[in-house]
Amino acid sequence: MWLCKKVKYAGKQLGRYTIETAIGEGRYGLCFLARSDTGQKVVIKKFKPSIFKKNSDKNVYEAVILSRFKDKRIPELLGVINEKGFYGFVLEFKNGSTVKDMLFKHKHKFSHEEFFNIGIKLIRIIKCLHENGVVHRDIRIPNILIDNDEVYLIDFGLARWADNNQYHYNIDFSYLGDFLLYLLYSSFPIEKKHKKLPWYKELLLTSEQKLFLKKLLGIGLVYENINDIEEDFAEFFKS
Amino acid sequence: MGFLSRSSSGKHYKNGHQGSNHYQKKGLLGNLFDIIASRSHSHGYYNNYGNQNNNAPVYNQPTANQNMKLCSRCNSQIPAGSKFCLQCGEKVSDALFCLNCGEKLPPNAKFCLKCGNKIG
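Sequence order for the protein chains is V and X. The numbers in the first sequence follow this note's numbering, run straight up by one, and end at 1697. The numbers in the second sequence follow this note's numbering, run straight up by one, and end at 608.
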């Protein structure tokens, strides 16, 4: 099925872009690597026709929110394609591997320094979004790209303008906590028979680090804003 | 309200109490999980779970009809803030003009260079 899709679109010409290969698939549709007529590598995010028709007002958010930013840590919106039943966004290509691939394909074990570098940089990206009134809502391991020391946040398909109700900033705090736990578990010895213990009983963490993660995940206390998170992360995790 | 928030957050996959059983496995089931999780986002898990934080800054986001532009190529409505027409892909001109004298303004200008009118 995946191969069929790869073959179907390879070499397809869309305006000034030529599709090279399919690189991902999600609830929205398909993602392709493409090249512009000037040789620039780009990503084309093609929407399933059903998704676009059904949620057209919702899909607008991704375009409007990405239009607001010109930041090297998030992909820039470069264009919109709508031709011959192909509807998609042209996005800046970011080099790097997703944390999901690093963890589960390459079995990468993140060192403490890597953990700290990724954590603090991701927190600062979230801070930039929140300062602009945006909540990402999808901070997960397939949506964070790592390229050496650089950290990128991609996929703004679920991003919304924050409010005090459905789209609260604390959605990102909770996802951040979950994301950080994936990194921490990469260097945790794999046991053949997984015991069903919670992370705070398995991982070797200081009481401050545990409290930090619990607050992110909304266990007991909670964080009020991303600035406090940045401050505490820097203090509790810096070696 | 508190009760409703709790009951809806209870439906969600992440409970904050997972361990190696969850974080070290990412097979077929994990991927399936991702899709289900993404689809169920609208519920906003842990949303306002004991945290009625009404002081969080909420910005004036562009609403549907605020500053709605019409595309110069296809005449479709372009949502406020979008760099492109979402129908035909035409780039929206980001040039600004002084409201006082009509002079074209350079990006990020704070004052009009012709009449000195304060921008924004």
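Any given hint could be a false lead.
As the list claims (entries may be wrong) - Examples of chain V residues lying across from chain X (beta carbon under 10 Å, computed):
1) C1462
2) L1536
3) I1539
4) K1542
5) L1662
6) E1666
Claimed, not checked - If you want the ones that stay clear, here's a sample from chain X, every Cβ over 12 Å from chain V, calculated:
7) A568
8) E591
9) K602
Said to hold, decoys possible - The list that follows gives simulated cross-link-like pairs (lysine-lysine, DSSO-like), each with its CA atoms no further than 27 Å apart:
10) V:K1511 to X:K571
11) X:K579 to V:K1528
12) V:K1499 to X:K557
13) V:K1542 to V:K1567
14) X:K598 to V:K1463
15) V:K1542 to X:K606
16) V:K1650 to X:K571
17) V:K1511 to X:K557
18) X:K571 to X:K598
19) X:K598 to V:K1651
20) V:K1530 to X:K579
21) V:K1696 to X:K557
22) V:K1673 to X:K598
23) V:K1651 to V:K1668
24) V:K1530 to X:K598
25) X:K598 to V:K1506
26) V:K1563 to X:K513
27) X:K571 to V:K1659
28) X:K513 to V:K1470
29) V:K1542 to X:K571
30) X:K513 to V:K1579
31) V:K1585 to X:K602
32) V:K1511 to X:K513
33) X:K571 to V:K1552
34) V:K1558 to X:K513
35) X:K513 to V:K1528
36) V:K1470 to X:K598
37) X:K513 to V:K1672
38) X:K579 to V:K1542
39) V:K1653 to X:K598
40) V:K1516 to X:K513
FYI, nobody ran anything at the bench for these hints, they're computed from the structure. For each residue, glycine too, the CB sits at the ideal point set by N, CA and C.
Against the structure, the hints come out as follows:
The criterion of a C-beta within 10 Å of any C-beta in chain X is not met by V:C1462, whose closest approach is roughly 19 Å, and the hint is violated. Given the 10 Å rule on beta carbons, the hint for V:L1536 holds: about 9 Å separates it from the nearest Cβ of chain X. Satisfaction of the interface hint for V:I1539 is found here, the shortest Cβ-Cβ separation to chain X being roughly 6 Å, below the 10 Å cut-off. Annotation: V:K1542 was flagged as interfacial toward chain X, and the flag is violated, the nearest CB pair being 13 Å apart, outside 10 Å.
This hint is violated: V:L1662 has a C-beta 13 Å from the nearest C-beta of chain X, more than the 10 Å allowed. The interface hint given for V:E1666 is broken, as the beta carbon of that residue sits about 18 Å from the closest beta carbon of chain X, more than 10 Å. Not every Cβ of chain V is farther than 12 Å from the Cβ of X:A568; the closest lies at roughly 7 Å, contradicting the non-interface assignment. The beta carbon of X:E591 is kept farther than 12 Å from every beta carbon of chain V, the shortest such distance being approximately 24 Å.
No Cβ of chain V comes within 12 Å of the Cβ of X:K602; the nearest lies about 27 Å off, and the non-interface call holds. Our distance criterion of 27 Å between C-alpha atoms is met by V:K1511 and X:K571, whose separation comes to about 21 Å. Between the alpha carbons of X:K579 and V:K1528 the distance comes to roughly 16 Å, so the proposed pair stays at or under 27 Å and holds. Straight-line distance between C-alpha atoms of V:K1499 and X:K557 comes to about 30 Å, which puts the hinted pair past the 27 Å bound.
As the CA atoms of V:K1542 and V:K1567 are separated by approximately 45 Å, the hinted pair breaks the 27 Å bound. Note on X:K598 and V:K1463: the hinted pairing is violated, with a Cα-Cα distance of about 50 Å set against a maximum of 27 Å. Between V:K1542 and X:K606 the alpha-carbon distance is near 46 Å, which puts this suggested pair outside the 27 Å criterion. For the proposed pair V:K1650 and X:K571, the alpha carbon gap of about 52 Å is over 27 Å, so the pair is violated.
With a C-alpha separation of about 21 Å, the suggested pair V:K1511 and X:K557 falls inside the 27 Å cut-off, and the hint holds. For the hint linking X:K571 to X:K598, the alpha-carbon distance of about 21 Å falls within 27 Å, and the restraint holds. Of the supplied pair hints, the one linking X:K598 and V:K1651 is violated, its CA atoms being roughly 63 Å apart against a limit of 27 Å. Proposed proximity of V:K1530 and X:K579 is supported: the alpha carbons are some 21 Å apart, at most 27 Å.
With a C-alpha separation of about 48 Å, the suggested pair V:K1696 and X:K557 falls outside the 27 Å cut-off, and the hint is violated. Our distance criterion of 27 Å between C-alpha atoms is broken by V:K1673 and X:K598, whose separation comes to about 41 Å. Between the alpha carbons of V:K1651 and V:K1668 the distance comes to roughly 24 Å, so the proposed pair stays at or under 27 Å and holds. For the given pair, V:K1530 sits about 24 Å from X:K598 by alpha-carbon distance, which is consistent with the 27 Å threshold.
Our distance criterion of 27 Å between C-alpha atoms is broken by X:K598 and V:K1506, whose separation comes to about 42 Å. For the given pair, V:K1563 sits about 12 Å from X:K513 by alpha-carbon distance, which is consistent with the 27 Å threshold. A threshold of 27 Å between alpha carbons decides the hint, and for X:K571 with V:K1659 the separation of about 48 Å lies outside it, so the pair is violated. Restraint check for X:K513 and V:K1470: not satisfied, since their Cα atoms lie roughly 37 Å apart, outside the 27 Å limit.
At most 27 Å may separate the alpha-carbon atoms for a hinted pair to count; V:K1542 and X:K571 meet this at roughly 22 Å. Taken as a hint, the X:K513 and V:K1579 pair is honoured in the structure, with Cα atoms around 25 Å apart against an allowance of 27 Å. For the hint linking V:K1585 to X:K602, the alpha-carbon distance of about 37 Å lies beyond 27 Å, and the restraint is violated. This hinted pair does not check out: V:K1511 and X:K513 have alpha carbons roughly 35 Å apart, beyond 27 Å.
Distance check on the hinted pair: X:K571 and V:K1552 sit about 20 Å apart at the alpha-carbon level, within 27 Å; holds. The suggested pairing of V:K1558 with X:K513 holds, with an alpha-carbon distance near 11 Å, which does not exceed 27 Å. With a C-alpha separation of about 36 Å, the suggested pairing of X:K513 with V:K1528 is violated against the 27 Å cut-off. With a C-alpha separation of about 45 Å, the suggested pair V:K1470 and X:K598 falls outside the 27 Å cut-off, and the hint is violated.
Distance hint between X:K513 and V:K1672 is fulfilled; the C-alpha atoms sit about 21 Å from each other, no more than 27 Å. For the hint pairing X:K579 with V:K1542, the CA-to-CA distance comes to about 20 Å; that is within 27 Å, so the pair holds. Proximity of V:K1653 to X:K598 is assessed by CA-CA distance (about 61 Å); at most 27 Å being required, the pair is judged violated. A distance of roughly 32 Å separates the Cα atoms of V:K1516 and X:K513; the hinted pair therefore is violated under the 27 Å criterion.
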